[in-house]
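Student: Sequence:
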Amino acid sequence: MAIVKWDPWREMEDLFDRYARTTGLARGGSQEPLASQDWSPRVDIAETEARFVIKAEIPDVKKEDVQVSVDNGVMTIKGERRQEKEEKGKKFHRIERQYGSFRRSFSLPENVDTGAISASFKDGLLTVELPKTTKSKPKSIAVAID
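Taking this note's numbering, the leading residue of the sequence shown gets 1, the next gets one more, and so forth.
Worth double-checking, as some hints may not be accurate.
[Unchecked claim] Below, in silico cross-link-like pairs of lysine-lysine (DSS-like), each with a Cα-Cα straight-line distance of 27 Å or less: (1) Lys62 <-> Lys88; (2) Lys132 <-> Lys122; (3) Lys135 <-> Lys62; (4) Lys135 <-> Lys91; (5) Lys78 <-> Lys5; (6) Lys135 <-> Lys5; (7) Lys62 <-> Lys85; (8) Lys63 <-> Lys132; (9) Lys78 <-> Lys132; (10) Lys122 <-> Lys135; (11) Lys88 <-> Lys122; (12) Lys122 <-> Lys78; (13) Lys55 <-> Lys132; (14) Lys122 <-> Lys85; (15) Lys78 <-> Lys63; (16) Lys132 <-> Lys5; (17) Lys132 <-> Lys90; (18) Lys5 <-> Lys55; (19) Lys62 <-> Lys122; (20) Lys122 <-> Lys63; (21) Lys55 <-> Lys78; (22) Lys91 <-> Lys62.
Quick caveat, the hints were computed from the structure, so don't treat them as lab data.
Put together the whole structure using the sequences plus the hints.
Tutor: This is the structure in structure tokens:
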């Protein structure tokens with residue numbers, strides 16, 4: 001019943017990205033800003049008895065630029081963070097935040113009621129609530145042994 005498919009290469013990329021951010025260098029050691037496909041929002045996934053809750057940090061993204069969809073048991077969050085245009089009298093000395101399109105996908109467990117999924121977006125935090133189905137829960141049955 002995994003929510004996220006483990007990808008060891010993704011973990012290695014995340015490790016290098018964190019290293020690059022802490023040292024102030026882009027991946028590969030160049031001083032060029034990271035490419036737009038090099039970022040994805042960080043998420044927290046929690047579970048209660050009644051639901052799963054996914055919270056994604058997406059600062060500086062408008063609500064209209066975020067989409068949440070479910071298809072064949074996979075929930076996808078996608079959107080775009082647009083880069084500021086350089087204005088007259090204003091020049092950037094350093095750009096460390098990443099811009100461009102992003103996409104995160106999560107395999108949903110079978111006990112999620114996909115028809116009742118809800119999402120809210122406030123202050124750069126996307127919260128997706130995935131209620132669990134009311135299917136009968138497994139019971140423990142005592143069997144007498146003769």
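Student: Tell me if the straight-line CA distance from Lys132 to Lys5 falls inside 27 Å.
Tutor: holds (19 Å)
Student: Would you check the hint for Lys78 and Lys132, treating anything up to 27 Å between C-alpha atoms as holding?
Tutor: Roughly 23 Å between the alpha carbons, so the hint for Lys78 and Lys132 holds.
Student: When you check the alpha-carbon spacing of Lys5 and Lys55, does it fall within 27 Å?
Tutor: holds (17 Å)
Student: Given the hinted pair Lys55 and Lys78, is their Cα-Cα distance within 27 Å?
Tutor: Distance of about 14 Å is within 27 Å: holds.
Student: Within 27 Å, alpha carbon to alpha carbon, are Lys122 and Lys85?
Tutor: Between Lys122 and Lys85 the Cα gap is close to 24 Å, so the pair holds against 27 Å.
Student: So if I understand the rule, the pair passes when the alpha-carbon distance is 27 Å or less; does Lys62 with Lys88 pass?
Tutor: holds (24 Å)
Student: Need the status of pair Lys62, Lys122: alpha-carbon distance at most 27 Å?
Tutor: Given that 27 Å is the threshold and the Cα spacing comes to 10 Å, the pair holds.
Student: Lys63 and Lys132: Cα distance at most 27 Å?
Tutor: holds (26 Å)
Student: Quick one, are Lys122 and Lys63 close enough, alpha carbons at most 27 Å?
Tutor: Distance of about 8 Å is within 27 Å: holds.
Student: Does Lys85 sit within 27 Å of Lys62, going by the straight-line distance between their CA atoms?
Tutor: holds (16 Å)
Student: Straight-line Cα separation of Lys78 and Lys5 no greater than 27 Å?
Tutor: Between Lys78 and Lys5 the Cα gap is close to 17 Å, so the pair holds against 27 Å.
Student: Quick one, are Lys91 and Lys62 close enough, alpha carbons at most 27 Å?
Tutor: Within the cut-off at roughly 24 Å; holds.
Of the numbered hints given earlier, the model fails hints 3, 4, 10, 11, 17; all others are met.
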